[in-house]
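Protein chains in written order, with the numbering used here: chain X, 1 to 391; chain F, 1 to 391.
Source of the hints: derived by calculation from the structure; they are not laboratory data.
Keep in mind that a hint or two might mislead.
As the list claims (entries may be wrong) - In the EDC-like style, the derived pairs of lysine to aspartate or glutamate whose C-alpha atoms are separated by at most 20 Å in a straight line are:
#1 X:383 <-> F:15
#2 F:381 <-> X:377
#3 F:383 <-> X:204
#4 X:72 <-> F:204
#5 X:383 <-> F:375
#6 F:383 <-> X:15
#7 F:268 <-> X:15
#8 X:381 <-> F:375
#9 F:268 <-> X:234
#10 X:381 <-> F:18
#11 F:381 <-> X:265
#12 F:72 <-> X:15
#13 F:381 <-> X:234
#14 X:381 <-> F:377
#15 F:244 <-> F:234
#16 X:268 <-> F:377
#17 F:295 <-> X:234
#18 F:383 <-> X:375
#19 X:268 <-> F:234
#20 X:381 <-> F:265
2 protein chains.
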Amino acid sequence: MKIESVDFFYLSMPEVTDAGDGSQDALVVRVEAGGQVGWGECEASPLVSIAAYVTPMSHGACKPLNAVVLGKTIDGPSDIERLAGDIEMECMDLLQAAHTWSGIEMALWDLLGKKRGEPVYRLLGYKEAFPKIPYASQLFGDTPQETLEGCRSARKSGFRAVKCGWGPFGRAGLKEDRDQLMAAREGLGDDGMLLIDAGQIWREDVDQAAARLPMLEEFNATWLEEPFYGGAYDAYAQLAARSKKVKTAGGEASHNYSMARQLIDYGKVAFVQIDCGRIGGIGPAKRVADYAAGKGVTYVNHTFTSHLALCASLQPYAGLKNDVICEYPFTPKSVAWDMCANHIAPDANGEVHVPERPGLGIDASLDGMKPYLVDVEIAAKGKVLYRTPKL
Amino acid sequence: MKIESVDFFYLSMPEVTDAGDGSQDALVVRVEAGGQVGWGECEASPLVSIAAYVTPMSHGACKPLNAVVLGKTIDGPSDIERLAGDIEMECMDLLQAAHTWSGIEMALWDLLGKKRGEPVYRLLGYKEAFPKIPYASQLFGDTPQETLEGCRSARKSGFRAVKCGWGPFGRAGLKEDRDQLMAAREGLGDDGMLLIDAGQIWREDVDQAAARLPMLEEFNATWLEEPFYGGAYDAYAQLAARSKKVKTAGGEASHNYSMARQLIDYGKVAFVQIDCGRIGGIGPAKRVADYAAGKGVTYVNHTFTSHLALCASLQPYAGLKNDVICEYPFTPKSVAWDMCANHIAPDANGEVHVPERPGLGIDASLDGMKPYLVDVEIAAKGKVLYRTPKL
């Protein structure tokens, strides 16, 4: 099959706030080849990722992605891997390329799965997909009371695990942070798994993060996520060495396999969290899952957007029986929900299952997307390079 | 001073080829504050970096750069550093942000230097700028004969050091590569410093790179640059361990301080090469220079574009007396030359000097830029977000 077309659809809520809520917009990718259609999603910054697809070439190692992707042959997983290598070399100096490619790569797996009538996890070599325990991923409330209510709501909805992140955490003093943690634990209940996401708030300041370890331990947090800049491996390793019980987690900032591996090797994280919409898609994520398994590090998906992104992000570790934690967007904005025709809900045991359907198992909803479609036009050198296509 | 305006000028040769020649286009940045004007240059992919400046916000940690930069106060170096930290946090999920910010940051130093009547290197804390030995940086010829002539031409022009990179090197067999190296050495002469740039051609394949070590040693190459993907630290370290005499060099792909530091710590490079147009500007580059100095690693600028970029890239290590190697674009395309009103040429000793002028010491040439100015328009959500400004 030859890649005939790649279309990007930038979707957005009518109003985007500066909350740390990544579900406020989306960049959906549709790829057509050999009569099949595949869907994927890039994370993040839709307009910039579109620009990376259509920009004029700067030089031989700084090409737009369309120059590398269109017309290429995709008949099996090795073709996707080869194309990923081409992107690495031919888009080397185009920083945004990894994010743009991620959505295309995802769509190629979806397309290939549909063509072969198999779920993507089987194409990756797994024989079976094991259930995962979703955690309700949400922001800290502006007040402890809001956080308490958010956690209680997640628990009532059947979630056994909750993650609170961003918002005011780490921005005020120790007392304020402790109040937030206490509220989260109270709302969740004593037996739930509590996960905390600091959203890089301490940058490289290990002492600031370490000062929160006792309270994280007091409220039995399983992990502290992204205390530092994504690449500050040394700070990560220092914090891990100073923590007795609370583990560190990170990895969402990885935009290639090497970065995730290094966070394991040098950052000493116990949980590596991979966003297939950033790392270059499902292929490199699977490679991270394999590497993590060999190092005794738990693989977790990173997903704060749609169920299309969620199902894509489950595939790379679907067959790892012991890696059961799954990030599940708990209160996404309507755009992230409406763009998919079907969703995966936790079952009566509070577990989610990778769909046993060809491809990624999630159908795009054209009607659901329409109200959110953003009009974009990019022109350069006298040509219109991109105009929002019809849905 | 408040940042009043930031303007981007996308310049391009009429025809851009797929040679690995990064001087075929340029993204020039002009910043105005307090009656002063500063100039900088982003590397690379102009349209995508412009899009990162103007894109609608995705969420609180994925803002366009204009939302973070405009109206901010810049009265001293610490303000630039603080603003860099804001970019890290508020543009966290916007991958391209580092490249866009790099040009703005450069322009802020230029502006601040002009305001204070001092060269930028003094603002960085250096008392004196030491001369550097420029190497003529050029591509391998398509044939060994072309390579020989290129090296001979550089030598005749007074260069004591030459770098050959990209082109056919590493793409054919060992014999072809050896012929190229022999030609380069012959053209350069026995006493010149020969540097080889593999342009990531072996990706992560250590054996392929190691197979070239004997011939690199035979022709007395000082370094082998970028044998692997920029982030493949483990491959870098393995190659360094297998080489007796030829050192490894890399770092141009670093888009933040941490990445450069890790290439030193984990990749074990002997030369760290920093492009101020990618790493986030002059501030983080200076931090790398300091770190490298403490580790016995030689700092080298990475510059394949204009003399504006060259002078910016010299500042971070201007005061390091022992780090004398300087990448000097030998045969840049006319756009990279014409955009600057003045240039720095090697002196009679074959050395270059950082200009002793306020700011970066290079003046932008508006008339020189005009013939290369690319018309761009980016519109989204019913608004024109960017239209090429008048020069």
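Here is how each hint holds up against the structure:
Restraint check for residue 383 (chain X) and residue 15 (chain F): satisfied, since their Cα atoms lie roughly 15 Å apart, inside the 20 Å limit. This hinted pair checks out: residue 381 (chain F) and residue 377 (chain X) have alpha carbons roughly 10 Å apart, not beyond 20 Å. With a CA separation close to 38 Å, the supplied pair residue 383 (chain F) and residue 204 (chain X) exceeds the 20 Å bound. Distance check on the hinted pair: residue 72 (chain X) and residue 204 (chain F) sit about 23 Å apart at the alpha-carbon level, beyond 20 Å; violated.
In summary, the hint linking residue 383 (chain X) to residue 375 (chain F) is supported, as the alpha carbons are separated by about 10 Å, within the 20 Å threshold. Pair hint residue 383 (chain F) plus residue 15 (chain X) holds up; C-alpha atoms about 15 Å apart against a cutoff of 20 Å. For the hint pairing residue 268 (chain F) with residue 15 (chain X), the CA-to-CA distance comes to about 48 Å; that exceeds 20 Å, so the pair is violated. Restraint check for residue 381 (chain X) and residue 375 (chain F): satisfied, since their Cα atoms lie roughly 6 Å apart, inside the 20 Å limit.
Taken as a hint, the residue 268 (chain F) and residue 234 (chain X) pair is honoured in the structure, with Cα atoms around 16 Å apart against an allowance of 20 Å. Straight-line distance between C-alpha atoms of residue 381 (chain X) and residue 18 (chain F) comes to about 17 Å, which keeps the hinted pair within the 20 Å bound. Under the criterion of a C-alpha separation no larger than 20 Å, the hint pairing residue 381 (chain F) with residue 265 (chain X) is inconsistent with the structure, at around 43 Å. The suggested pairing of residue 72 (chain F) with residue 15 (chain X) is violated, with an alpha-carbon distance near 25 Å, which exceeds 20 Å.
Note on residue 381 (chain F) and residue 234 (chain X): the hinted pairing is violated, with a Cα-Cα distance of about 42 Å set against a maximum of 20 Å. Of the supplied pair hints, the one linking residue 381 (chain X) and residue 377 (chain F) holds, its CA atoms being roughly 10 Å apart against a limit of 20 Å. Annotation: proposed proximity of residue 244 (chain F) to residue 234 (chain F) holds, straight-line Cα distance about 18 Å (limit 20 Å). For a cut-off of 20 Å, the pair hint linking residue 268 (chain X) to residue 377 (chain F) is broken: about 45 Å separates their Cα positions.
Between residue 295 (chain F) and residue 234 (chain X) the CA atoms are separated by roughly 16 Å; this keeps the pair inside 20 Å, and the hint holds. At roughly 10 Å between alpha-carbon atoms, residue 383 (chain F) and residue 375 (chain X) fall within 20 Å of each other, so this suggested pair holds. At roughly 16 Å between alpha-carbon atoms, residue 268 (chain X) and residue 234 (chain F) fall within 20 Å of each other, so this suggested pair holds. At most 20 Å may separate the alpha-carbon atoms for a hinted pair to count; residue 381 (chain X) and residue 265 (chain F) exceed this at roughly 43 Å.
Hint violations for this structure: numbers 3, 4, 7, 11, 12, 13, 16, 20, all remaining hints satisfied.
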